[in-house]
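J.: Residue-level listing of the chains:
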Amino acid sequence: MEIVVLLKQVPATESMIAVAGDGVSIKSDGLKYVINPYDELAVEEALVIREAQGGTVTIVSVGPAKAAEAIRTGLAMGADKGVLIDPGDLALDGLNTAKLLAAALKAMPHDLIVAGHRAVDDDNFQVATAVAELLGIPNISMVVKQTIAGGKIRCVCTVEGGTREVEAPLPALIAAQRGLNNPRYASLPGIMKAKKKPLETKKVADLGLNAADLQPKVRIKALKTPAERKGGRVIAGDSVQAKAAALAKALHEEAKVI
Amino acid sequence: MTQNILVVAEQAQSAFRKVTFEALSAGRQLAGALGGAVEAVVMGSGVEASAAQLAAYGAAKIYVADDGALADAATEAYTRVLAQVIEAAKPAVVLLGATTQGKDLAARLSARLDAALAGDCVAVKAEGGQVTATRPMYGGKILAEVTLSGSPVIVSIRPNTQTASQAAGAGAVEKVAVQVGDVATKVVAQQLDAGKVDLTEADVIVTGGRGMGCPDYSAVEALAAALGGAVGASRSAVDEGWRPASDQVGQTGKTVSPNLYVACGVSGAIQHLAGMSSSKVIVAINKDPEAPIMAKADYAIVGDLFEVLPVLTAEIKKIKG
Chain A
1 MEIVVLLKQV PATESMIAVA GDGVSIKSDG LKYVINPYDE LAVEEALVIR
51 EAQGGTVTIV SVGPAKAAEA IRTGLAMGAD KGVLIDPGDL ALDGLNTAKL
101 LAAALKAMPH DLIVAGHRAV DDDNFQVATA VAELLGIPNI SMVVKQTIAG
151 GKIRCVCTVE GGTREVEAPL PALIAAQRGL NNPRYASLPG IMKAKKKPLE
201 TKKVADLGLN AADLQPKVRI KALKTPAERK GGRVIAGDSV QAKAAALAKA
251 LHEEAKVI
Chain B
1 MTQNILVVAE QAQSAFRKVT FEALSAGRQL AGALGGAVEA VVMGSGVEAS
51 AAQLAAYGAA KIYVADDGAL ADAATEAYTR VLAQVIEAAK PAVVLLGATT
101 QGKDLAARLS ARLDAALAGD CVAVKAEGGQ VTATRPMYGG KILAEVTLSG
151 SPVIVSIRPN TQTASQAAGA GAVEKVAVQV GDVATKVVAQ QLDAGKVDLT
201 EADVIVTGGR GMGCPDYSAV EALAAALGGA VGASRSAVDE GWRPASDQVG
251 QTGKTVSPNL YVACGVSGAI QHLAGMSSSK VIVAINKDPE APIMAKADYA
301 IVGDLFEVLP VLTAEIKKIK G
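Residue numbers (this note's numbering), protein chains in the order written: chain A, 1 to 258; chain B, 1 to 321.
Calculated from the structure, these hints are not laboratory results.
Don't take every hint at face value.
Straight-line distance between alpha carbons at most 25 Å, and here's what the computed DSS-like set of lysine-lysine pairs gives [what the hints assert, rightly or not]: (1) B:Lys125 x A:Lys256; (2) B:Lys280 x B:Lys254; (3) B:Lys280 x A:Lys224; (4) A:Lys230 x B:Lys254; (5) B:Lys317 x A:Lys249; (6) B:Lys90 x A:Lys256; (7) B:Lys287 x A:Lys221; (8) B:Lys254 x A:Lys249; (9) A:Lys230 x A:Lys249; (10) A:Lys145 x B:Lys254; (11) A:Lys249 x B:Lys287; (12) B:Lys320 x B:Lys18.
Whole structure, please, built from the sequences with the hints as guidance.
T.: Shown next, in the form of structure tokens:
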């Protein structure tokens, strides 16, 4: 089974994010970058599937040279090889990222593509599903469980108020949701081995695309930090009863939310 | 191309989701700014009778794709039908609710139509013909204003961020001849809790964090029930296995904007705060007066949640009668 994982390097979720001087990007100095947490689930699931079915796990990422670190981490977890697509100076929107990934995927075997359902930096919920559409293959999103049998993948997915079970023939793309697995840590031998695993860098031209094909349709006009919430008041009272009664009264009469 | 807005309606258990009415209301304002009309499209099986409800929120025209092949809400089938409707209706903007289905559909549609997509937006406007959307990034730590070019542009709207308001529209129903063809994905089973309000759509959320100390959430559940709300969990509570991942609020869970958010025994890690700070009113109940959440809460009670919650639940029941 040829399994491809789509992976993005993002700032760690514990990071404070500040707007840079240009007003359209973030200050990256001092930020710790990690594998997008949902993509980490994707790497783990790909490894689990390979362990059961045999095959190869290839990690593909779009990002700057630095993103190779995240691919190496995936290789240290156990993936076999990596491809970094470096867009250079191009400002990419989600659809163009999907186009780069789809172009790379067309040139490599893939029975199953595993991705995170969103990247926790852009939060646009677009790339994975768009890749499936560009490749003309089925996609299953928000996956918390999967089984493969008879050339089909069957997944349990979260939906509002419950779960759905969805089946699709391979090749297909699935997008991981929290609950799918607990990603393994890279072991020390894994880290040593990862240094020798193949990691290829491709430029946009290597994928048969050029800047004219990749004009962004979504552009950031301005970034800002949401208004800081000011703390309100601590409800005082002599007893739990008094505090609870005062809170209920405030919610009813002052905030008018009950 | 028209200057119209096409709202993609979504049903759950035979009723329109609230976000559909919110999107129609946002669509009316957008249509006003662009000089077009609001139209809606309903896809599914047995949906025709309910379509007229969309007129009450201003839909001038309602495209109805009613076919047994659309019973499953499989993204692939919906994408094909929607692409047909868009080709005929030529809207300037396609609006969807940023639900599980809406987000998947929006992404597939963007690739199919080679169209701009701004996902999970909290505001959308048009000025001088230019559509601009505001969307949270980095789990809500940053708000991005983005411009969308081309036609149509696609915007998905986060539930609970727009006010749904009625305004009568002509509501002319136009049936769509559905040509779905073979659909590879099949929904084989579904398990829905009929009474359960999803966190993203809930007006009230009561969340239990690490301070719960165990999987017994009955005190939180009782308060949520008294308030008619949903139960949430912090990441550490989910990591402990006390609650399912679908209950998680925060950067690696759900971003929520309820009217009232009650955080019980939640310290308020930055990822959690980012995911709930757009709530209208925040209440924190925590033993630790220095917990970060206390500085963000409109109302805070310093105390043991297991003592406070039952009394608070009783007080709220008194008010609600």
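J.: Against each hint, give a clear statement of whether it holds in the structure.
T.: Cross-check of the supplied hints:
1. B:Lys125 x A:Lys256: violated (29 Å)
2. B:Lys280 x B:Lys254: With a Cα-Cα distance of about 16 Å, the restraint between B:Lys280 and B:Lys254 holds, given a limit of 25 Å.
3. B:Lys280 x A:Lys224: holds (20 Å)
4. A:Lys230 x B:Lys254: holds (23 Å)
5. B:Lys317 x A:Lys249: With Cα atoms ~12 Å apart, B:Lys317 and A:Lys249 stay inside 25 Å; holds.
6. B:Lys90 x A:Lys256: Not OK: B:Lys90 and A:Lys256 at ~43 Å, beyond 25 Å, violated.
7. B:Lys287 x A:Lys221: Outside the cut-off at roughly 43 Å; violated.
8. B:Lys254 x A:Lys249: Violated - the C-alpha atoms of A:Lys249 and B:Lys254 are around 29 Å apart, more than 25 Å.
9. A:Lys230 x A:Lys249: holds (21 Å)
10. A:Lys145 x B:Lys254: holds (19 Å)
11. A:Lys249 x B:Lys287: Holds, at about 21 Å.
12. B:Lys320 x B:Lys18: Measuring from Cα to Cα gives roughly 23 Å; hence the hint holds.
In this structure, the hints that do not hold are numbers 1, 6, 7 and 8, in rising order.
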